[in-house]
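Visitor: Below are the chains, spelled out letter by letter.
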Amino acid sequence: MTKSSRRKRFLTGENGFRLPPMVKRREKLIKIKRYWKVETLEEAYELNQKRANRIIGGMVWMKMGEKQFHTAIDLSDVVSSEIVENEEEFIIGAMTTLRDLECHEGIHKYTDGAVKESLRHIVGVQFRNVATVGGSIWGRFGFSDVLTMFLAMDTYVDLYKGGRVSLEAFSKMPYDKDILLNIVVKKNTMSLAYESMRNTKTDFPVLACAASVRPDEVLLSIGARPQKAVIIRANDTVMKIDRSEQEEFARALAVQVKAEISVGSNMRASAEYRRQLAGVLARRAVMKALVADEQKPMVITDTDTLQTKGGEQIC
Amino acid sequence: MKQNDITSNYKYVHQPVQKKDAMALVTGQAVYVNDIASKESLIVKVLRSPHAHALIQKIQTESAKKIPGIACVLTYEDVPQKRFTMAGQTYPEPSPYDRLILDSRVRFVGDAVAIVAGSNEKAVDKALAKIKVKYKVLEPLLDFRNAKDHTILVHPEDNWRSLSQVGADNKRNLCASDSDGMGDVDEVLANCKYVVEETYHTLANQQAMMETFRTYTYLDAYGRLNVVSSTQVPFHVRRILANALDISKSKIRVSKPRIGGGFGAKQTVVAEVYPAIVTWITGKPAKMLYSRYESQICSSPRHEMEIKVRVGADEDGVIKGVDMYTLSNTGAFGEHGPTTVGLSGHKAISLYGKLEAYRFDYDVVYTNVMSAGAYRGYGATQGIFALESAVNELADKMHMDPVKLREQNMVREGQIMPSYYGERTNSCALDRCLTRAKEMMNWDEKFPRKKMENGKVRGVGIAMAMQGSGISNVDVGSVTIKLNDEGFYSLSLGAADMGTGCDTILAQIAAEELECPLENIAVKGVDTDVSPYDSGSYASSTTYITGQAVIKACVKLKNQMMEFGADKLGLSVEQVSIDGKCVYNEDNPEEYITISDISYAAECGCNTAMQVTASHSSPVSPPPYMVGMAEVEVDCETGQVELLDYVAVVDCGTTINPNLTRVQTEGGLVQGIGMALYENIQYTEAGQMMNNSFMQYKLPTRQDIGKIRVEFEESYEATGPYGAKSIGEIVINTPSPAIADAVYRATGLRFRELPITAEKIAMGLLEKA
Amino acid sequence: MLIKMWLNGEPIRDHMDADMLLLDFVRRHGALSVKRGCETANCGLCTVLLEGKPVLSCSILAAKAEGKHVVTLEGVQKEAEEFGTFLANQGAEQCGFCNPGFIMNILAMEKELKDPTEEEINEYLAGNLCRCSGFVGQLRSIQAYLKHKQEVRAHEAE
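Chains as they are written, first to last, in my numbering: chain E, 160 to 474; chain G, 30 to 798; chain X, -13 to 144.
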């Protein structure tokens, strides 16, 4: 790439990040007139219909956008910040912090450690104690590890008005004025793995990739392209390969990914490099997931087996 | 000379004592500028130019001034029209006088357009938004490679001036230009069997100290401007502010509290002028706290340099000639431009002791990007990256181990260094550093590469480095030591402790000299009204220069106490001796007077002040030396580099406080690692710096640095305090060239431009394959 | 708006703007150890404990701490001194500006992680930047401190 074309791509605005223009003073933080802790969801919904008002989650991302608005709507009392696990699913309250998600034993076990891997690089513990799962999912940010990870699972979002919607569909929906209540992960049989490339260990990913190996399909969620994550499902040619031929399978899928993925350039990397990474990370993630799959004894139906052994420390 | 025997007898010197301010810092006491600034201070902010080059045609401030709480809004029409430099250097500064506090011509994105002060931040923000500026946008000069003699002039103004003979010419965009050399380098290189000729490029890295630039100002009862600033150069601040405000120096007093890091950034007067002019005009206390954004886009980073190197060796591996040309980008203003560039040659070339000829030419050019300044290493970092990389390439060309090539050619103790002002190396353990580093790294086994089972490849690389110890014949360090009642001493310093621990180090030297407990030395940091003059804490000068001043002062004070004590004992001064506790009769130690009694006696009916001020300046600047070796592991598919191990062996003479020299070294290495691998500087075509936050400018975290191992090979520098040289800057110089070579050994890819990102490696390998 | 919270064990009632950040609020109430090092939630200098958990006070509205307990270094002086001595014994406090946030996170880590490995320590503290870049010395002090605490615990158990 020539120097001038490299420079030009910075100007195209295809950063993928919804961040303010460069020259704007970023140092002045958030400006709001009123802070309102709502008592009912309906109250929150009503307030949120006004253009001047905003729902605040952890606020770490919002704060970077130099937002000025009238009322900050705090959902703490009406939206859950807890993770509920039952036989079929995990119900993750939208106000749950990334750190609580990272440290949840059931999720850790179910995702073969992939969720923790997707979260542990995000800035630092103090940051993840503030940022919420709902904030990350609602934002549908290009750089989002969280969205990338959850798209690889059988995930739904519960919206106050919109009801239950698959995350894949939600990720493509335009921003509206609804309220995100829960993120629901169905405990379908699958093995998961997460891979990302970062310029420094706690930076945004240059590219992120979550792999999901299921009985009848294999899919990848690829994020930080730098646009938001998309799902790529292994095509018939790949699926015809015997999965016990792990390397062959993974290589074939990597070829498919490199051919299909749409990538762009931003400050962190060029499109060409991202395409290369997509192939590498896809292969590695699928390999990891296939290995995890192989080691699983059987289809899990009993939730007891999902529990981590007592005393195992995951955070 | 081996140091161990000499230093083993010291009680406070060469000891890892705790810093005197340590417990205040770890318990979070309110000791920094913004902790002690008056709550009544006006908040000062600056409106910044969105254009890289423009003329302000009209600027409307009326509606901004009307906002409740606004105390003043200042534009270029409200400031003195005499140009000055913000570079904290000894007068007459080599840096050109090219600044106004506010100018009608803005020269980079982020340049100051207007100053707003108000009683609260919200009002100030509102006022900033209300200022209307009409710009005549001009074409910016952004490419420093074409800046010299370009038709676009960054400083066309007639009142631009250069006080020193540095080859500056504003009508040619030249901030400095010169050449230096010995012998006929072209002929020597023509006769060399092996010659490497390459160009190297380093970026304008940010110092990024955790405490951004900040200053608090107020008028005292005498109507004088009091300036409390986070600065490395209090005395220079006084002069620069007087120049900027066009007022008498006698009107200004500068003091510095604890400082949250400097690394050279605070050797430039970045923030001080803004609250100073506000207080001077309004009479009200004011403070300016730079945001991180401002610290990134309008401050004083490292000079971007492009360095062309030719280096040649004969068939026996003797390096005979070095030819360097440095093009340095000083940006919109010339702070430290003429001086940093010199080190890029002198402190690289002088590492090699068998040269028959060398040439070093340079140009320093103005462009429409942020002005550069001083950053740890000060040009040596850039030059050493270039030359040490070139020497590594030379070794490769000769199929020779780069360690062997250095063993054969490095400068050694006793040699004259023609490229280092003809100074002789009176203390140099570089050879021992190299031997030890090689051992620690297990170099012979690891060189050049090792393929791992997981497909990754490991490689090792090496670099040597030197720096100076203060600026010879320029830097002045002074201290005042005073005997107080009960026999404790107060040590008044003009040198600025910016977290380095020099307050403690200088107290250690005083305690050693005066043979008293360290607690008996009360240290007082800088207040330009009362502290003795000191050039400031930069150029790796404090321990070496000011340390010697401490010794001089203590020796004089001891003499005074002996004279006084002898008089009290009815003896002549030749008959008495002094130890830490008393002055006694040498022939009859039972006959003595305690220091405590002397102190009380000196406070009663006495005509002698038990106080001494001493200054020190050095005709030489003895270099510390070091060797750095890196072991990296490269993921050839993603290009990711893991720095597995970094070994550094340093000769800084005597380590006055081994703990502090160690953390200085470790910290400098990590900053160097950041420069080598992570810290990118990117501009848009319009000249906006994009890495304007810690989100976009990635400092290495504790997860990014691998294992770092530091050892010392001490030499004894006779002109330094207790044999000490400097440590502060040299330690940032080796990582870039050592890591670049390690990456080369692992991948076969040469990187001559920093940082060496994963993308560059992965794409380079793809291209090769 | 009126807010009530506990700062270092002391109840506080104060009127403030709705957009005041917790960082500015605690500084206004004398917790000057809490520093701001960036505007993008990257540096960790402003770390305080909110209901016992380390959080970035630059990224939380003070209003969100309504009725909650906030602890800064001012509230854990004994612990700061205890760990700080280990830091100072290495010279690793350096310029000191990042120390308060860093020490708050160490105290949180101590509660959360049992016998952490070097890697776990570095991961837990990765959000605490330090430009003196004293990471190596800091690690030495942390390991010495944790070992000391372990010995104290073992001694007490006897």
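In case anyone wonders, no lab produced these hints; they're calculated from the structure.
Errors might be hidden in some of the hints.
To be verified - Here are the simulated DSBU-like pairs of lysine-lysine, each with C-alpha atoms no more than 35 angstroms apart in a straight line:
| hint | chain 1 | residue 1 | chain 2 | residue 2 |
| --- | --- | --- | --- | --- |
| 1 | E | Lys209 | X | Lys97 |
| 2 | X | Lys97 | E | Lys268 |
| 3 | X | Lys100 | G | Lys485 |
| 4 | E | Lys345 | E | Lys455 |
| 5 | X | Lys133 | E | Lys345 |
| 6 | E | Lys345 | X | Lys39 |
| 7 | G | Lys68 | E | Lys190 |
| 8 | E | Lys336 | X | Lys54 |
| 9 | E | Lys275 | X | Lys54 |
| 10 | E | Lys190 | G | Lys87 |
| 11 | E | Lys320 | E | Lys209 |
| 12 | E | Lys196 | G | Lys313 |
| 13 | X | Lys54 | G | Lys736 |
| 14 | X | Lys133 | E | Lys268 |
| 15 | E | Lys192 | G | Lys313 |
| 16 | E | Lys275 | X | Lys97 |
| 17 | X | Lys54 | E | Lys268 |
Visitor: Run through the hints listed earlier and report the numbers of any the structure violates, in increasing order.
Guide: 1, 5, 12, 13
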